[in-house]
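Q: Input sequences plus hints: build the corresponding full structure.
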Amino acid sequence: MFFDSELDRIFKRMSNSFFDIDGIFEELKGRNSDSGPYYYGYTMTVGPDGRPVVKEYGNVKPGLVPNSDTREPIVDTIVDEKQKVVKLIAEMPGVEKTDVKIVVDNKVVDISAERGEKKYHAKVPLKHKVDENSAKASYKNGILQLIFKLVEDKPTGRTVEVE
Numbered sequence: 005m006f007f008d009s010e011l012d013r014i015f016k017r018m019s020n021s022f023f024d025i026d027g028i029f030e031e032l033k034g035r036n037s038d039s040g041p042y043y044y045g046y047t048m049t050v051g052p053d054g055r056p057v058v059k060e061y062g063n064v065k066p067g068l069v070p071n072s073d074t075r076e077p078i079v080d081t082i083v084d085e086k087q088k089v090v091k092l093i094a095e096m097p098g099v100e101k102t103d104v105k106i107v108v109d110n111k112v113v114d115i116s117a118e119r120g121e122k123k124y125h126a127k128v129p130l131k132h133k134v135d136e137n138s139a140k141a142s143y144k145n146g147i148l149q150l151i152f153k154l155v156e157d158k159p160t161g162r163t164v165e166v167e
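Counting in my numbering, the sequence shown runs from 5 upward without gaps.
These are computed hints drawn from the structure, not numbers from a lab.
Worth double-checking, as some hints may not be accurate.
DMTMM-like, lysine to aspartate or glutamate: derived pairs with alpha carbons at most 25 Å apart [what the hints assert, rightly or not]:
1. K91 x E136
2. K133 x D84
3. K153 x E136
4. K133 x D53
5. K127 x E60
6. K105 x E76
Label pairs and their calculated CB-CB ranges [to be verified]:
7. G45 x K131: 19 to 29 Å
8. G54 x R162: 34 to 44 Å
9. R55 x D135: 20 to 30 Å
10. T160 x D109: 17 to 27 Å
11. N110 x Q149: 14 to 24 Å
12. P97 x T163: 51 to 61 Å
13. T160 x T102: 34 to 44 Å
14. I147 x Q87: 10 to 20 Å
15. T163 x K16: 47 to 57 Å
16. E167 x G54: 39 to 49 Å
17. V107 x K59: 20 to 30 Å
None of these values were measured; they are calculated from a predicted model.
Virtual Cβ for every residue (Gly too), placed ideally from N, Cα, C.
A: Here you go:
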């Protein structure tokens, strides 16, 4: 079955990444660096088409040694067709709402926050058409929630009557 082979492929890729990343963590330990912690992981959900969607997160990517103490927050995108909204939810503990900066530009949401040693940054592409001016954000207990209104695709052009 397609779904099983797709899952097998994804898990093989994930396990290879975790084995490769052990060497990176060992290298970082040997540096006596105070810039940690280092983390890396995957989230897996099922997309609207029934296929698995795997997203990476963390401040260490396989094969790359981090060169920044900025963390990439876990960001989930939820489309609510009933309410006609798109929600972005980002986990950024340790900062205050006054530390959070959000810029929406050309279907990309740039989220950043900094407070003391806690630094976060993520660029999230929007896959749906949204009204950028409708954005509303709230931050409570380390969770940022950003809500956009969906824009309906209206056909463009004009109707031509057949004679």
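Q: Can the restraint linking K133 and D53 be considered satisfied, given a maximum Cα separation of 25 Å?
A: Answer holds: K133 to D53 is near 18 Å, not above 25 Å.
Q: Does the beta carbon distance between E167 and G54 stay inside 39 to 49 Å, or does it fall outside?
A: Distance hint for E167, G54 holds at roughly 46 Å.
Q: When you check the alpha-carbon spacing of K133 and D84, does it fall within 25 Å?
A: Holds - the C-alpha atoms of D84 and K133 are around 13 Å apart, at most 25 Å.
Q: Is 19 to 29 Å right for how far apart the beta carbons of G45 and K131 are?
A: Holds - the Cβ-Cβ distance for G45 and K131, about 22 Å, lies within 19 to 29 Å.
Q: Mind checking the alpha carbons of K91 and E136 for me, to see if they're no more than 25 Å apart?
A: With Cα atoms ~12 Å apart, K91 and E136 stay inside 25 Å; holds.
Q: Measuring from beta carbon to beta carbon, are P97 and T163 in 51 to 61 Å?
A: holds, 54 Å
Q: Straight-line Cα separation of K127 and E60 no greater than 25 Å?
A: Roughly 13 Å between the alpha carbons, so the hint for K127 and E60 holds.
Q: Taking the beta carbons of V107 and K59, is their distance inside 20 to 30 Å?
A: Check passed, 21 Å falls within 20 to 30 Å.
Q: Given the range 17 to 27 Å, decide if the beta-carbon distance of T160 to D109 lies inside it.
A: Between T160 and D109, where Cβ atoms are some 23 Å apart, the hint holds.
Q: Does the structure keep K105 and E76 at a Cα separation of 25 Å or less?
A: holds, 14 Å
Q: So does T160 sit 34 to 44 Å from T102, Cβ to Cβ?
A: holds, 42 Å
Q: Is it true that the C-beta distance of R55 to D135 lies inside 20 to 30 Å, as the hint says?
A: Hint holds: Cβ distance 28 Å, inside 20 to 30 Å.
Of the hints listed earlier, there is not a single one the structure fails to meet.
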